[in-house]
Every structure is written in structure tokens, then in C-alpha cells.
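Undergrad: So the protein sequences, as listed, match chains A and B. Just so you know, we're using this note's numbering here: the first sequence kicks off at 1 and counts up by one. Just so you know, we're using this note's numbering here: the second sequence kicks off at 1 and counts up by one.
To be clear, the hints were calculated from the coordinates, so they are not data collected in a lab. Every value quoted in this text rests on a predicted model; they were computed, and no experiment measured them. It is possible that part of the hints are untrue.
[Unchecked claim] No farther apart than 30 Å at their CA atoms in a straight line, the calculated lysine-lysine pairs in the DSBU-like style are these: (1) A:K252 <-> B:K184; (2) A:K252 <-> A:K353; (3) A:K123 <-> A:K353; (4) A:K353 <-> A:K115; (5) A:K174 <-> A:K353; (6) B:K185 <-> A:K123; (7) A:K123 <-> B:K184; (8) A:K174 <-> A:K420; (9) A:K252 <-> A:K115.
[Claimed, not checked] Away from chain A, derived, C-beta distances all over 12 Å, residues of chain B: (10) A141; (11) A162; (12) Y172; (13) G176.
[Said to hold, decoys possible] Some chain B residues close to chain A (C-beta under 8 Å, calculated; not the full set): (14) F36; (15) R45; (16) A155; (17) R187.
All C-beta atoms in this analysis are idealised placements derived from N, C-alpha and C, irrespective of residue type, glycine included.
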Amino acid sequence: MDELHMVRALLPQAPPPTREVTAAARTRLFSGEASVPRSERSARGRRRAHWLWYGLGLPLVAGAAAVSVLLAASGQPASTGHPAAGGLRRSPATGKANMPSAQAVLLAAATSAAKRTPTAMGKYWRVATTSMDILVAGTKAHPYDLAELTRFDNAWARVAGQPLKLVNQYLGAKPATSRDAAAWRADGSPTQGRKLLDVRNGVLKAISQSYAPSAPFVDQEPSQFGEVAWAVGDGSPLTTTQLAAFPSDPAKLRAQMIRYVNYDYRGVGGPPAGSMDENLMTEAINLLQAPLTPAVESAVYQVMAGLPGSRTLGLMRDPLGRGGYGIAYAGQNSLPQGMQGQSVLIVDPSSGKLLATEVIVTTPGTGIVRDLPPGVVPTPGGGKVPGPRCKGNPPPSGCTVPFTYGTHHQGQVWSYTVIKVAAWANTLPPS
Amino acid sequence: MVAGQSDGAEPPPHEQYIGRSMDAPEVFAVVFDRHFHEIHGYVARRLGTSAADDIAADTFLIAYRKRASYDASAGSVRAWLYGIATRQISRHRRDEMRTYRAMRRAAGSPLAPEHAADHTELVADRVTALTARRDLAAALAALSPGDRDVLLLVALAGLSHAEVAVALRIPYGTVGSRLSRARKKLRAALGAHHPAA
Chain A
1 MDELHMVRAL LPQAPPPTRE VTAAARTRLF SGEASVPRSE RSARGRRRAH
51 WLWYGLGLPL VAGAAAVSVL LAASGQPAST GHPAAGGLRR SPATGKANMP
101 SAQAVLLAAA TSAAKRTPTA MGKYWRVATT SMDILVAGTK AHPYDLAELT
151 RFDNAWARVA GQPLKLVNQY LGAKPATSRD AAAWRADGSP TQGRKLLDVR
201 NGVLKAISQS YAPSAPFVDQ EPSQFGEVAW AVGDGSPLTT TQLAAFPSDP
251 AKLRAQMIRY VNYDYRGVGG PPAGSMDENL MTEAINLLQA PLTPAVESAV
301 YQVMAGLPGS RTLGLMRDPL GRGGYGIAYA GQNSLPQGMQ GQSVLIVDPS
351 SGKLLATEVI VTTPGTGIVR DLPPGVVPTP GGGKVPGPRC KGNPPPSGCT
401 VPFTYGTHHQ GQVWSYTVIK VAAWANTLPP S
Chain B
1 MVAGQSDGAE PPPHEQYIGR SMDAPEVFAV VFDRHFHEIH GYVARRLGTS
51 AADDIAADTF LIAYRKRASY DASAGSVRAW LYGIATRQIS RHRRDEMRTY
101 RAMRRAAGSP LAPEHAADHT ELVADRVTAL TARRDLAAAL AALSPGDRDV
151 LLLVALAGLS HAEVAVALRI PYGTVGSRLS RARKKLRAAL GAHHPAA
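Isolated chain A, as found in the complex:
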């Protein structure tokens, strides 16, 4: 058995598509709907829901006045403290009358970025982030959400052949809010939980997942391209030479970003999932974590300001407690079945720094189980763990799997990524 066999064993064959799925795909191919892939249609649906939720009719104050209000105010967010990961940190802050538009916030960030003094390049471009994902846990009687934290600390070598270092570490799971903590204690304060593994492959395994941090995973190897960032759209490695050649004219930069998004293995692939505007926002957020010149960084913010569908949420604190403006934008996010969320970025217009991105729940759901193979019955509140009887692909009908409810609510932070460091460094980060 060689490593290719091991890959096949790691990613085993999945059950075939159901008759319904096959029939629906076949029908769609030859119906009038065929021109719009499902991913694009559902993205539009989600966006409508966001507009309903955020459709508060906030008066928009654009232009120079708003920018100065915002620059003055952004240092002192009104929200206090830093609630636990699952909490709501939105704040009405400056009041509706003074609420600047998303465009004004982003243009202010563009102005600040352009004024920044360029820093000298180091050996490594270091990007350190921490991400939070909600892990649904507990029983029917005591449902709760745990916030799982993972840290990434990447040092990309500027010169090909030099060692780069990529570190990621699971930092453990803790109750997301004080209410979740109470339910967790009522459940006996478990330090591990059962988690279904590889449900997707049709062979069920309920394994125990520790809520404790794990050892860091470290990848240190010579840099292949001397890349300091990656384009989101086509996955191209971006070197400092390439980044330095980026246009600082927003229209030209936008055109270049569209080329990245549209690059499709030289004509083989199809259009990107989601709208071009959504993809441009994703690319912009990615580029803001790369070593850009002040002029190009300013242009990225100007491209973002030109994208439709963004709204200000007011002053917010990011998960590290830093103040900035929250901007709800049209983006794709994957939440469990039945739930919908809003993508949000937090930017500090006075420094021109992107601080964090979040997904905030707009439509809470109840269930969490997805991708159950045919014949498997979810058991509310944690059922019998599938035993040897339930082996098979797909498992025989009647096999039960644990099923939890969670405590999702509107406004809950479902996931976030906070950018702690995006700067040049001359030493590799510790593991």
C-alpha cells in the first residue's frame, strides 16, 4: 500500500447521488433555469434576506463631512468590553444621523492607507490570524454552543528557496457565551464531546473530540516561489515583484482582480461561484493581508467602496477589542442547513487597517446535522453511537447518530477571523 492508496483510504468513496439529486440536476440542465448555477441563485437569495434584516433605513451621510466625523469617532467605539466569542458586539454608537455610509468608511480607509509611510521589507511577510468557529454541542435538555479557536501564524519567505514557516494550532473549544457556559456546566462540564467523523463518506464514526488545545502543526520548508501571498481567485502565488507591479489606479486594479477571479484553467472551468462583486470583495479582503504599497492598498479600498450591497453597522470592536467600523457586505458564507448569515468586515478607517471579518447569524436554525447518508436517523439530544452493526456503505437504515440543537440566535457571531499581525519580519515566528 503506497501513499496513493492511503489517500484513497483517507478519502473513501461516497454513496452515489440519490435518484432525486440526479433527476434534479438532469432536469435543470435542460430547463430554462440552466443559465444560472445553483450557487449563484442561492447567493442572491441569501442577500435578499440580509437586506430585510439590515433594512433599517439608516440615513446615509456621504462625503467629506462623514469622513471627518468618522475619523474623529473611530478611536472611541461606544461598545464596552469584549464579550465572549459568541456574543453580539454591534453598537449603535454615533447614532443614526451620523452613521457614515459603507462607502464613506472605505474611502476614509483608502485615504489613511495612502498616507501611510511604506515600511522596509524584511525576510518574511508574516500574517498571524485567529479564527473562531461555533461548535454545536450538548443535549436536547442542555444545548449550548462552544467557540472553537484556531490560530494561524504564517511567515512567507520573500526569496524563493528560503525557509518559510506555516504554523496552525487548534486552541480548544470553550462555551461561547455566559449562557452557553451555564448550559455546559449543567451538562456536567464535559471536556470532550462526541463528534461525527466523516459522515460525508457514508461510513459513520462518532469519535471523541477533546475540547483542549492540541499541539501546533508546523510546516517549515523552502519557499517554492518566493510568494508572500496567494490570489484567492486562481490561487496564484504572489511575489513582492508582482505585488509591486499592481496598478494603483482603482479601475485598472479592479480589472486585474477580475482577471484573477475569472481565471479558469485557461477556459476549462466555468464562472466563479457567487457574483463577481462578491468575489471581488473576497479578493480585496485577501489582498489587504498582503504587503501592498500604500497607493495600491488605497486602491484596494477604493475598489471595495465601489462594490454594491455594503452597509455600515456602526462602530464595533473586533474580537481583540480593537475599535473600527463594521461593514456588512455581500459575501458567501456557509452555515448549517436552515441558517443564514451576514458577512461583516471590521475596518479602522483612521489607520486604514482591516481588523477582522465575521459571519453574523441573521436566521437562526435548529438542527445541525448535514450530509446524513440515506437510512440514518438523527436522534435529537444525542442518540446511540453507531456501533459495528451500523457499518456499511451506506449504513443500514435505522442506525442512529447523535444530534444536537445549539442555541443559535439572531446577531450571534458564527465565525470570525481576526488579523493580529500582517507585517514584515526578519525572524520566523515561534511554533
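Starting from the known structure of chain A, arrange chain B on it as the hints suggest.
TA: This is chain B only, laid out in the frame that chain A set:
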């Protein structure tokens, strides 16, 4: 583009259906029926069944839309479809990374007593297997997207080097170099777990 003419009772070669479907869309149904399950299966192995339902359907929609750009002389329909599917999968790289991360995390956790009780005789083997799984998942996640695409098209889809070259539209030689680089990294990551070690 092959015109797709066939004479008499001899069924036209499969690749020619695509050419004909430009004028007769229902002919594309043959392509769908022959390949949907296979493409779905490949996507499901990388991203899960639920994602595969959408991505496989989108792959055929895109293929249908782009059927005019299909060049039968360049390679098989199958390789062409895998190329489109791979491009769609690349839009879900974050989900794929999440899966590998979950595998690593899950494999690194201690076995639960009740779980072990179900498989007493297997526990020792499973601990070893789980460690190998974790290392393999980590190594797969650490591959560059291009290397991973080549590796999985070979390992999971069973495409030949020539077919991978067509699917990804990369030079034939690049397929070999990407594959050997990816395999080398996997072997290094597996270390003691590698069967050959």
C-alpha cells in the same frame, strides 16, 4: 470541433456526442447520464456529498454552456469534465481545508471509552491508523492547490497523466513533476507510518 457524424447502425464515438449536442441539446443528456455519478463521486470524496450535489450539477451546467469550446481532438470528455469539476472545487478550498483540519483534529483526539469498547480488538491498530490519518490529512492540506489537484485526479479519479494534462490544461511534463513533488511530501509526512518505512 468534431462534427459528430455517424454512419448507419454504428453508434458514434462518445466524444462526438458533444459536438452534435450543439445543435441537438438533448444529445448532451447522454454525456450527463454517462458521467454524472462519476463526477459526483469525485467531488463527494473531496468535499462531501452535500457539496457534491450542487457542484456536480453545476459542472454539467457549465459543460453544457461551454460545449462549444470543447475540443474533442484535445482529449476525452471525461478529462474535460474533471477539469471543470476541479475548477468548481477550487472555489471551495476553504471548506476543503476545514475538512482536512477536522480530520487532523479528530484523529489527534483520544479515543472515547465507549468508542473503544465497540472495537476492543481494533484499538491498537486504530491508534496507529489515526496517527497516520492525521499526518496524511495535514500533508494534503499543506500541498499547493495545483499539486493537490494533480494528486487527487490521479489517486481518486484514476486519470492518466495525459488526461490530467488535458483536465487542468497544463503541460504533460508538469503533471509528472507536480505528482512526484506531492507524493514526496506525503511520504515525508507519513514518515514512520509509511508502509514502505
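Undergrad: Under the criterion that the straight-line Cα-Cα distance not exceed 30 Å, is the pair K123 (chain A), K353 (chain A) satisfied?
TA: holds, 22 Å
Undergrad: Is K185 (chain B) within 30 Å of K123 (chain A), Cα to Cα?
TA: Given pair K185 (chain B), K123 (chain A) holds - Cα atoms ~25 Å apart, limit 30 Å.
Undergrad: Given the hint that K174 (chain A) pairs with K353 (chain A), test it: the Cα-Cα distance must not exceed 30 Å.
TA: This hinted pair holds, its Cα atoms lying about 29 Å apart.
Undergrad: How about R45 (chain B): closest beta carbon in chain A under 8 Å, or not?
TA: holds, 4 Å
Undergrad: Say whether it holds or is violated: G176 (chain B) keeps its Cβ farther than 12 Å from all Cβ of chain A.
TA: holds, 14 Å
Undergrad: Taking the closest pair, is the beta carbon of A162 (chain B) still more than 12 Å from chain A?
TA: holds, 15 Å
Undergrad: Hey, K252 (chain A) versus K184 (chain B), does the alpha-carbon distance stay inside 30 Å?
TA: violated, 41 Å
Undergrad: Go through the hint on R187 (chain B) and say holds or violated, using the shortest Cβ distance to chain A against 8 Å.
TA: holds, 6 Å
Undergrad: Hint check: K252 (chain A) vs K115 (chain A), CA-CA at most 30 Å. Holds or violated?
TA: holds, 21 Å
Undergrad: Verify this label for me: A141 (chain B) is non-interface relative to chain A, using a Cβ-Cβ cutoff of 12 Å.
TA: violated, 9 Å
Undergrad: What's the verdict on K252 (chain A) and K353 (chain A), does the C-alpha distance respect the 30 Å limit or exceed it?
TA: This hinted pair holds, its Cα atoms lying about 22 Å apart.
Undergrad: Given the proposed pairing of K174 (chain A) with K420 (chain A), does the C-alpha separation stay at or below 30 Å?
TA: At roughly 20 Å apart (the allowed maximum being 30 Å), K420 (chain A) and K174 (chain A) satisfy the hint.
Of the numbered hints stated above, those contradicted by the structure are hints 1 and 10, listed in ascending order.
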